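The task is simple: from the sequences and hints, build the whole structure.
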Amino acid sequence: MSDLEVQAELATQAARSGQPRRLGLAEATAGLLAVFLLVAAVTPQLLALGDPLGIDPLSAFMPPTGAHVFGTDESGRDIFTRVVHGTQYSLVIGAAATAIGLGLGIVLGTLAGMLGRVVDFTVNRFLEVLFAFPGLLLALLFIVIFGPGVATATIAVGLSTAPGYARIIRAQLITVRSAAFVEAATVLGRTRWQILLRHILPNTLAPLLVLATLGIGQAIVWAATLSYLGLGAEPPTAEWGAMLSAGRTYITSAWWMSFFPGLFIVLTAVTATVLGRSIDRRMRHA
Amino acid sequence: MRRPARPRRLLAATTGIVALGLLLAGCTPAGPNEPAGEPRSGGTLTYASGDAEPSCLDPHVGGNFPQALVSAQYLESLVSRNDAGQIIPWLAESWTPSDDGLTWDFTLRADVTFTDGTAFDAAAVQANIAHLQNPTTLSSTGYLALGKVKTVAAVSPTVVRFTLTEPDSALLESLSQPWLAMESPAALERSQDENCASPVGTGPFIVQSWVKQNAITLVRNDDYVSPPADAAHAGPAYLEEVIWRFIPDSASRYAALQSGEVDVIDNAQPDTIVQAKQSDSIEQLDSPRPGAANRIELNSGQAPFNDVRVREAFIRSANVDDAVSSLFQGTATRSYSALSSVEGTAISNAALFDYDPAAAAELLDAAGWNETDADGYRAKDGVRLSVEFPVSTNQSIPAEQSVFEQIQATAKETGFEVNLAPMDLSSWYAALASNDYDAVSAPYTKVGPDVLRILYHSDSIVPAPSGYFANLAQVNDPEIDALLTTAARTTDTDERSSLYADAQNRILEGFYLLPLYDQQNHFLLRGDVQGLRTLPTVAVPTLYDTWLNR
Amino acid sequence: MTMTEPAAALTVHNLRVGFGADPVVRGVSFEIARGECLAIVGESGSGKSVTARSLLGLAGANARVGADQLELGGQTVLGLTDRAWRARRGKDVGLVLQDALVSLDPLRPIGREIADSLRLHTTLGAAARARRVLELLDAVGLPEPATQVQKLSGQLSGGERQRALIAAAIALDPPLLIADEPTTALDVTVQAQILALLEHITRAGTAVLLISHDLAVVSRIAHRVAVMHDGRMIETGRTEQVLGAPRHEQTQRMVAAIPADKPRGTRLSLSTRPRDAASPVSADSTVLANSTVLDDSTVSAASTVVLEAIGLSKSYRRPDGSRHLAVDDVSFALQRGSTLGIVGESGSGKTTTARLLLALLPPDRGAVRVFGEPWSAASEKTRRGLRPGVGAIYQDALGSFDPRWNVAEILTDALGLSPGLRQRRRAPQTTARLLTLLDEVGLAAAVLTRRPLELSGGQRQRVGIARALAGRPEILICDEPVSSLDVSVQAQVLDLLDDLQRERGLSLIFISHDLGVVQHVSDEIAVMRAGRVVESGPAARVFAAPQHPYSVQLLAAVPRLPA
Amino acid sequence: MAARLGGAIFVLWAVASITFFAVRLIPGDPAQAVLGGPGSQASPEALAAVRTEYGFDKPVLVQYLAQLGRLATGDLGRSYALNQDVGPLVLDQLGGTVLLAVLALALAWLLALALAAWSTRGGTVAARVGSGLEIVAAALPHFWLATSLIVVFSIWLGVLPPISTVGAAGLVLPVLTLAIPLAGFLGQILRESLLAALESPFVLSARARGESERGVLWTHALRHASLPAISLSGWAFGSLISGAVVVETIFARPGLGRTLLTAVTLRDVPVVIGVVMIVAVAYILMTLLTDAATRLVDPRLRSE
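Listed in order, the protein sequences are those of chains A, B, C and D.
Under my numbering, think of the first position of the first sequence as 1, with each following residue one higher.
Under my numbering, think of the first position of the second sequence as 1, with each following residue one higher.
Under my numbering, think of the first position of the third sequence as 1, with each following residue one higher.
Under my numbering, think of the first position of the fourth sequence as 1, with each following residue one higher.
Simulated from the structure, these hints should not be mistaken for laboratory data.
Mixed in with the good hints there might be a few duds.
Claimed, not checked - Heads up, simulated EDC-like pairs for lysine to aspartate or glutamate below, C-alpha to C-alpha not over 16 Å straight-line:
id : chain 1 : residue 1 : chain 2 : residue 2
1  : B       : LYS412    : A       : ASP56
2  : B       : LYS212    : D       : ASP92
3  : B       : LYS380    : B       : GLU362
4  : C       : LYS151    : D       : ASP298
5  : B       : LYS380    : B       : GLU417
6  : B       : LYS212    : D       : ASP298
7  : B       : LYS148    : B       : ASP193
8  : B       : LYS412    : B       : ASP373
9  : B       : LYS412    : B       : GLU388
10 : B       : LYS212    : B       : GLU240
11 : B       : LYS412    : B       : ASP459
12 : B       : LYS412    : A       : ASP51
13 : B       : LYS148    : B       : GLU166
14 : C       : LYS262    : C       : ASP514
15 : B       : LYS412    : B       : ASP477
From a predicted model like this one, the values you see are computed outputs, not experimental measurements.
In structure tokens form, the structure reads like this:
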């Protein structure tokens, strides 16, 4: 299993047990956070006026105060500003990695799910092999070959999530393909193409929204991990993982430097999880 | 298995601290806690190094700073240096150069044996030099330091004679370095893998075991007799055992010290030094490394820095003082010299490095960079004034990378676009080798002012077969070349100093480099650790006089 | 059976159970004597299971249980602590649930499950417990107890594990045994055996409280019947009395809904009238007469075969690689305007046959012909032209609808129009056709915008029928169309199918495990067992005088109301 | 079993092939890549030695077969950065990581079980709190959690060592860092499946026999609830390996993760491949173990 499959499984589980339409406190909070994060990503200036790279050596290492709610870093940059502006970075990296993983997953999963036994067998074996590079291993292998950096880290995260997407999409395709309503459509005299377009594809693709939402949270955490390890974005870029990495040096004297970027990573991941599950539940009970 | 020959950038490979140093604590031998009482024997001291774990404990092989740090505990050199910068006896009792400076006779101590029982004598010295000069040893630092040594002969068991190809005023300084320390000839006979795992020397400790990625265990050499002349006591070391750990993460390292898990840490970060000053239980030892200061070299070999006005403009546009004071929080002092402040021959000229954006702007106007592009950067003939600045994340500590970021920010105000490119060591070397840089910072440790020849003689622009060259500023000035070559042959101290002073002035006035601070070398220790000091050669700590007041 | 036992094993007076604000049981009173079997019958949601569970103190953590009197063996159990309840459960009262596959822990050998009761309530040692378990298994009629005791419930047949479950419940010979739908998931023949076992237990002196939705089933062994509806006990009395002369309207409805032995064409549902409102209920007798005539004329040349199965065989590969012959040389013919019932127990090959008839599977051997044309042998492209003539109704109506579509979209699609159009942009004539379809199956226009998930089981099946009708088919293939419905809903759906068949002259293949249903709807019947048709012929003849021993056994096992 | 073994060998072969061709994807001279990338100051002799050892001068197919041959005999090549054979180096580091992973897995199970058992019994509020805790725990990145734990327990409270030490105390924080997020995932699975199990008819049967709540939990429900969680073990292993990269680096523990990260930073290709191969082998073993554990808990699978 991949992280994504586990997330998807948990979402399914939660959707099964949860109440259909109630807007929970968690969902409402997650929704507000998502709006905040989107605003931060699209127009960061709306939330934080300053320059995320602008230095002010004289006010370095300031703890959180009214003027700097999240404190300042070693060069006197305002951490709140950097965290807000970093949202764009993290979301774009997360979205790009998810797009790569999802794209590859769709291609592989569709091949396996639609093209008959031989292709299915081959793709399945291939995926099985990729799963033997668990977690970040595939990403690290990719980075050691193509060198570190934001672009490679993004591709690496995308690549390492692709097998998970592929397997979910394949399973979904196979479930939908053999669903009773597909047989019912055959009995109504629908052609293969009509069935594919009207039933199989929509019912396979709809859950991808859930997957992508869950996946983006995962991708952000992984990309931040790579940055933290010095294999992705580099300081002074206002990327959360890179900020944490820079803050690690000063952890004994300036905890706020690593606490707030980390907090935003966690909040984003939790938001993605809660929203993904909420969408899942709504789609099932809609 | 050849370790890529990297001309001594002894810098600390992974987390190398670059340094600048405050002379405040200096290298006073006494432990920081004064009412210490009589030294006591016994106990285990845990040392946590932030430097990379060496791949070989024999500093002949390769030769970098992490090796020097640990090998100083079990290997000894022929000579040492005292706090005043004078060469003092160690395994060699005395030495005499010939008048032409081409022959040196060293008289060795007769009472020293290696810890495997092999006698230390002239033959052993011969074997060590041969080992260093043997290409299969893959020595880099030691090999280069012995560049002028033609032959080594045993005159008697206690007298060994070095014959040189040309006079070398830096010979003694070279021999004082840990990378040229003496090892048991019998041990050297073993395979390199074996010798790397457990080198045998004459030092106060013996390598007992080495668990990779975790710790090296050193035990006391009870038969030890050969402390350097400036040691505080004689006889065996006080400590029974030393655990030498590798903790690359600086925060973990400091926290480990705070919690008493370890007794001494190196590569202390500025913020932890400040914290330590407020702590009763933690003391600080600051010992800047010799050789070059930490500085940014400006590549004068290509545009835009082939124009001295642009170089000066860049230097004038960089607000280094504010950066250093905010980031190093008083733990590092601004340098205005090419050399480390511990080098007696260092010339400092603060006036050349004032932060003066107005002057910088005028210089750029004069040099023709008088256009302003859409992003606010200066340009000439439509070409933006940009400076490629590859940064090795292995060699520049986070605080230093932040200094570069602040320089980037202040230089932008004058119109320079500084493109900081943090990269891994391998890519960094690649960028330098392909001349793909305009500014770069590369620490360099060597005992004595001869480092200037390595860094600024035009010969050093020619890349070694490996592609590396030390003259990163690409200074190509026949007058500087002449001064440095002459100085390297001049044994007269005053004359040598004056030659190096001339050379330094000319280098500084050419605006080839922007000095930042000494190569930082801060140690933090538990308050009950007494008698820790660094060897005044390359400022590595020695635990010989150290004892535990607990 | 000791000293001065009160006559009643259980006395319940004014039992009330509620969850949150909703009362589920609203004042129920009854008692059971030793050696007596009382059946509580009701449809889903009537509160019968909650009542049963309250008697064990297991109504649930958030249930509010109250009663004026609640006595087990003469001792009140009102307000017992959890610990005190535990001491009584299993010892003073046993519980048997539906489907032992999940009612016995599927991960533990049945022997351990049975021994648990002994372990919890006796001081017997392990060896003594093991002996007792064997005795119990023997007592419930499980063959070879010594080898079965190590098996998991999944390794036993449905009947065997239900016996094991009963063994666990009676391990301590409790004075009261509560059996909640104990035979519901079982095949009829096995159901008959389990009922016999429960009857035997009752005779031995145990009070048995039988909970069921099926009046016919309980009529076999219950001495008294209590009918529950909407949390109340609406009628109680001796079994013959309640079933023979039901007083309450709901009971009457339930009795009427039992299809077994009701002649073809008899209306089962009281609440719904024939859709042709003009024709009085008595007209049914005419229909019945007609259909009898039709029965008689099945041999005449006037009838034509619309669908024909000729020597159909189909096998599957099992996970272990061996082949399983699911359908073995099956032949039959469906006459125009008639209903062919296919009946069989689980694993008899009914469903595979349905899929073969719908050409969703190609047969290994044999062929299906429709309207005299090749059907299974034709290419899907050719077949597609004929498909509108063959409709299908499925057991799982919900699963047969695309979950993203609402009823309007489902039916628009079935009409052969593009379903993508939302209601707003739908042509008025399309809407008119949709409303006609809904009207035909007795649904209101309001369901158009609903998704199947939001509909009740009966409504879903009606939408399924409407969809099948949209293509104006001549043949309808119904695979267990009513088996997941409550009896009264089942009655309505069966009546609807009957009406439609008469109005449209439909020919039906009706597949079911329920002989009563099949008997009621079929003109012709085919009895399947292990993939083969063991007997076929006119329904009246087969039911009156079965030839094959299996048919005889099957018919004998059908729960019927006492005559 | 034979099929499983065959599958395992196939996966290993494929992993070896992928890594082999991956190294050929490195732009430029493969010998240079093996020696640490484009900027490594490799001498011509070193390059020549590597070319001979890896046979880069021979046709790709020959190189490939030779590589498979070496791997089959357990020869993982040599690290030029560390001056050591990769096989023994990687095996040396394996123990520390395995210890860490096993302890973390055990603790994660304990935490998850405790949280699941508490939140299924404590009513709606406990279930919400439990579920919230689990979701947040599952979202905690290792690097942030490790740093935060160090700040709180080592720097502020000073009760636990921030680095790995000889004693057990040094294991506490690393194990917690790895276990907490994992417990978040396991807890969610466990709680949901525990709820399902507690609602199931066989639990009602057991209660009707007079079984206590504890008996219901231990004899019946937990066993069922653990099945889906056990099937996560393969994934959990991967997550622990990724976590070990971070945790071993921060807590200065010897182990595969730290070796891997160092090797990636130095672009020490032979070591990276060596670690990847070992992890692949371990992953395969883990899936076999998971199968065995599932069979142990679920006797239904044994009879097949």
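So, going through the hints one by one against the coordinates:
A distance of roughly 14 Å separates the Cα atoms of B:LYS412 and A:ASP56; the hinted pair therefore holds under the 16 Å criterion. At most 16 Å may separate the alpha-carbon atoms for a hinted pair to count; B:LYS212 and D:ASP92 meet this at roughly 8 Å. Of the supplied pair hints, the one linking B:LYS380 and B:GLU362 holds, its CA atoms being roughly 14 Å apart against a limit of 16 Å. Distance restraint check for C:LYS151 and D:ASP298: the Cα-Cα separation of roughly 13 Å lies within the 16 Å cut-off, and the hinted pair is therefore satisfied.
Annotation: proposed proximity of B:LYS380 to B:GLU417 holds, straight-line Cα distance about 13 Å (limit 16 Å). A C-alpha spacing of about 43 Å is found between B:LYS212 and D:ASP298, which places the hinted pair above 16 Å, so the restraint is violated. This hinted pair does not check out: B:LYS148 and B:ASP193 have alpha carbons roughly 29 Å apart, beyond 16 Å. Among the hinted pairs, B:LYS412 with B:ASP373 is consistent with the structure: their alpha-carbon atoms are about 12 Å apart, no more than 16 Å.
With a C-alpha separation of about 13 Å, the suggested pair B:LYS412 and B:GLU388 falls inside the 16 Å cut-off, and the hint holds. For the suggested pair B:LYS212 and B:GLU240, the alpha carbons sit about 22 Å apart, so the restraint of at most 16 Å is broken. With a CA separation close to 34 Å, the supplied pair B:LYS412 and B:ASP459 exceeds the 16 Å bound. Of the pairs offered as hints, the one joining B:LYS412 and A:ASP51 holds, with about 14 Å between alpha carbons and a cut-off of 16 Å not exceeded.
With a C-alpha separation of about 6 Å, the suggested pairing of B:LYS148 with B:GLU166 holds against the 16 Å cut-off. Between C:LYS262 and C:ASP514, the direct Cα distance comes to roughly 14 Å. Compliance with the 16 Å bound is thereby established for this hinted pair. Distance restraint check for B:LYS412 and B:ASP477: the Cα-Cα separation of roughly 30 Å exceeds the 16 Å cut-off, and the hinted pair is therefore not satisfied.
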